[in-house]
Structures are given as C-alpha cells and as structure tokens.
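Chain D is already provided as a structure; the job is to place chain B on it using the hints.
So the protein sequences, as listed, match chains D and B.
Position 50 of the first sequence, counting from 1, maps to 50 under our numbering, and the rest follow consecutively.
Position 43 of the second sequence, counting from 1, maps to 158 under our numbering, and the rest follow consecutively.
Don't read these hints as lab results, they were simulated from the structure.
Computed from a predicted structure; not experimentally measured.
Please note that a few of the clues may not be correct.
Stated by the list, open to error - With a Cα cut of at most 25 angstroms, we get these calculated DSS-like pairs of lysine-lysine:
#, chain 1, residue 1, chain 2, residue 2
1, D, Lys41, D, Lys19
2, D, Lys40, B, Lys224
3, D, Lys22, D, Lys36
4, D, Lys40, B, Lys118
5, B, Lys118, D, Lys41
6, D, Lys36, D, Lys18
7, B, Lys118, D, Lys36
8, B, Lys118, B, Lys184
9, D, Lys41, D, Lys22
10, D, Lys19, D, Lys36
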Amino acid sequence: ETGVTQTPRHLVMGMTNKKSLKCEQHLGHNAMYWYKQSAKKPLELMFVYSLEERVENNSVPSRFSPECPNSSHLFLHLHTLQPEDSALYLCASSQDRRFPGNTIYFGEGSWLTVV
Amino acid sequence: DAKTTQPNSMESNEEEPVHLPCNHSTISGTDYIHWYRQLPSQGPEYVIHGLTSNVNNRMASLAIAEDRKSSTLILHRATLRDAAVYYCILRGFDNNDMRFGAGTRLTVKP
Chain D
1 ETGVTQTPRH LVMGMTNKKS LKCEQHLGHN AMYWYKQSAK KPLELMFVYS
51 LEERVENNSV PSRFSPECPN SSHLFLHLHT LQPEDSALYL CASSQDRRFP
101 GNTIYFGEGS WLTVV
Chain B
116 DAKTTQPNSM ESNEEEPVHL PCNHSTISGT DYIHWYRQLP SQGPEYVIHG
166 LTSNVNNRMA SLAIAEDRKS STLILHRATL RDAAVYYCIL RGFDNNDMRF
216 GAGTRLTVKP
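Pulled out of the complex, with its shape left as it was, chain B reads as follows:
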C-alpha cells in the first residue's frame, strides 16, 4: 500500500491560514489523495480530495505537487472549530479501501 507521512501535531492561531503537509513519495499514477478530519468524539468527515490538479471547496484547498509526491491541505482562515485530527490518505484501484494513519493533530489558539 502507498503510505503517507504527516507531522504528528501542528498549532495555528485563529483566523490565520494553516498549511498541513503530507508526503506520499510512493504514490502511483492512479492514487487519489483524500483528506479527512476527525473532531473530538465524532466520526471522520470528508474535507477534500484530488488526483493531479489543485482543488478548492468551501472547506479547504488542496495543493498537489507537480510530481504528486506531496500535497498540502490549506485552511484559509482557521477557526476554533477546525481543531481536529487531519488525515491524508491515498486510495487507488489496487488499494481502494480507506485506511487511516495517525494523522496530524491541529490545535487552534484563540
């Protein structure tokens, strides 16, 4: 399975942008990059996903490196509600189930 590497934790100030990195150097050409987050005492929720091009939605932006070996989840203005564990996951046609690593615990300071 293609693996991802994320920092264990990050801190941000409220109302500032946050860039959450993910390395996936063994990504294959058909692997999608998914980001989920898990707020305390809740199930994970979908944030964003992409294949090759950068993606934007109402929650976040996903910047994918040109060689696809890394990606960055961008929260444009962090709020206290964005404090969560963020997971970067690869899914491909030969590993198409969602398997979670430890993720990055984001702390947002007021």
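Bound conformation, chain D alone:
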C-alpha cells in the first residue's frame, strides 16, 4: 500500500466510449502525475500537476484530458481512444515537485484495453 489508489484497476472500452480513470492520494502531497506504460516500452510521463495547476503536458493527444479538482484527486478522462492507447496508466504523487530529492509514490495502475 503506497498511499496512492487508482480505480478502476481494469477497464475495457470501445473506441467511441467516454470513460475516466481516477486517482486519489492519502499522503498530503501537492504534486500528481499521470504516466503511460505501453507493452515493452518505458514509462512515459503524460501530465504533471503541481498545486492543482497543470505544469506539463508532454505532447499528449487531446483524446486524453486530465483534471485535478484538488491536491488529493486526479482524473484522466478518455474519449474516442484508439487500440494503440491500450496500456497501463499509472498515477503518482510527490511532496513539492520542485525539490528533486523528493520521492515519488506510484499507484498500482489501471490496465486499459481499447477494443
């Protein structure tokens, strides 16, 4: 138990569906992250939120839409995805993103399959 909880753990969706992934952290952190891990590829940093403001968007297609309503919650809204978007989506959090000595804590991930 890392203190970062992701739901659902598994999701199957059609290409025309709209779904959301949810992440909640119980660590009192003020930075949250979305990562994508495709099969046999390194983790890719998608979005970074610090103090509820998006500070980074790494050329992610607009069919992925993040939302951070408060420092404890992070969502990834999904719509009109493609089969190649099937991957493990990982949420993480850290205390004070600006300090590089801080530890980042990851959730267990949400396995997404787009059919």
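For chain B alone, coordinates are given in the frame of chain D:
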C-alpha cells in the same frame, strides 16, 4: 536532460549479492540519483536515492562514485521477490520530473 545508461538485463542467484550499475557521465552537481524498481504487473516503487554520499536503507545500498559519473545499486542478498526492472533516474532542479528509461531487468535464479 542528464541521461543514464544501464545494462538491459542481469541475472543473479538467490541469496547472493547483486550489483546493478548505472552510468550518468553528464550528471550535474545538483542532480539526485534515484533508483526505483517495478515488479511484474505493479507500479514502480522507490528503492533508494542519494546525492553525493553512499546511502543505505533496509532495501538496498547505493554506492556513488567519487566523480558522481556512475553509481551502483547493491542488493545484499537477492531473493526471488527482487526480480524486477530496476530504473536509475537523475532528477535536478532543472529537470525535476521523474523520467524513466528502459532500466535493467533483473532475473533471480533459485
């Protein structure tokens, strides 16, 4: 961004020490060296990190070269549960997000 280089894979026998190397020749003076590992079907987990001095914790030890251009993660007695992909990552004040490379896949043989 400062890059790290790790071997793609390593093997170890159970109950023996494991030394996982990482080269980071372009490291800057304020870059921290972080190690994470990812067990199958799980998110990455923190192992250890350091700046200049060697570090020890209950999971592992981190040996940092004097010129800081390389480091070694040491697992003192490998267990089957240590089989994972190990990532060496640099984070500094100008590149302070955690960006992962391919890591080293460690196989532990009984």
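Now for the hints, and whether the structure bears them out:
1. About 24 angstroms separates the Cα atoms of D:Lys41 and D:Lys19, which keeps this hinted pair within 25 angstroms; it holds.
2. A distance of roughly 22 angstroms separates the Cα atoms of D:Lys40 and B:Lys224; the hinted pair therefore holds under the 25 angstroms criterion.
3. For the proposed pair D:Lys22 and D:Lys36, the alpha carbon gap of about 14 angstroms is at most 25 angstroms, so the pair holds.
4. Only pairs whose Cα atoms come within 25 angstroms are accepted, and D:Lys40 paired with B:Lys118 is accepted, the gap being roughly 20 angstroms.
5. As the CA atoms of B:Lys118 and D:Lys41 are separated by approximately 17 angstroms, the hinted pair is consistent with the 25 angstroms bound.
6. Under the criterion of a C-alpha separation no larger than 25 angstroms, the hint pairing D:Lys36 with D:Lys18 is consistent with the structure, at around 18 angstroms.
7. The suggested pairing of B:Lys118 with D:Lys36 holds, with an alpha-carbon distance near 20 angstroms, which does not exceed 25 angstroms.
8. Proposed proximity of B:Lys118 and B:Lys184 is supported: the alpha carbons are some 11 angstroms apart, at most 25 angstroms.
9. The suggested pairing of D:Lys41 with D:Lys22 holds, with an alpha-carbon distance near 23 angstroms, which does not exceed 25 angstroms.
10. A distance of roughly 16 angstroms separates the Cα atoms of D:Lys19 and D:Lys36; the hinted pair therefore holds under the 25 angstroms criterion.
When each numbered hint is compared with the structure, no violation occurs for any of them.
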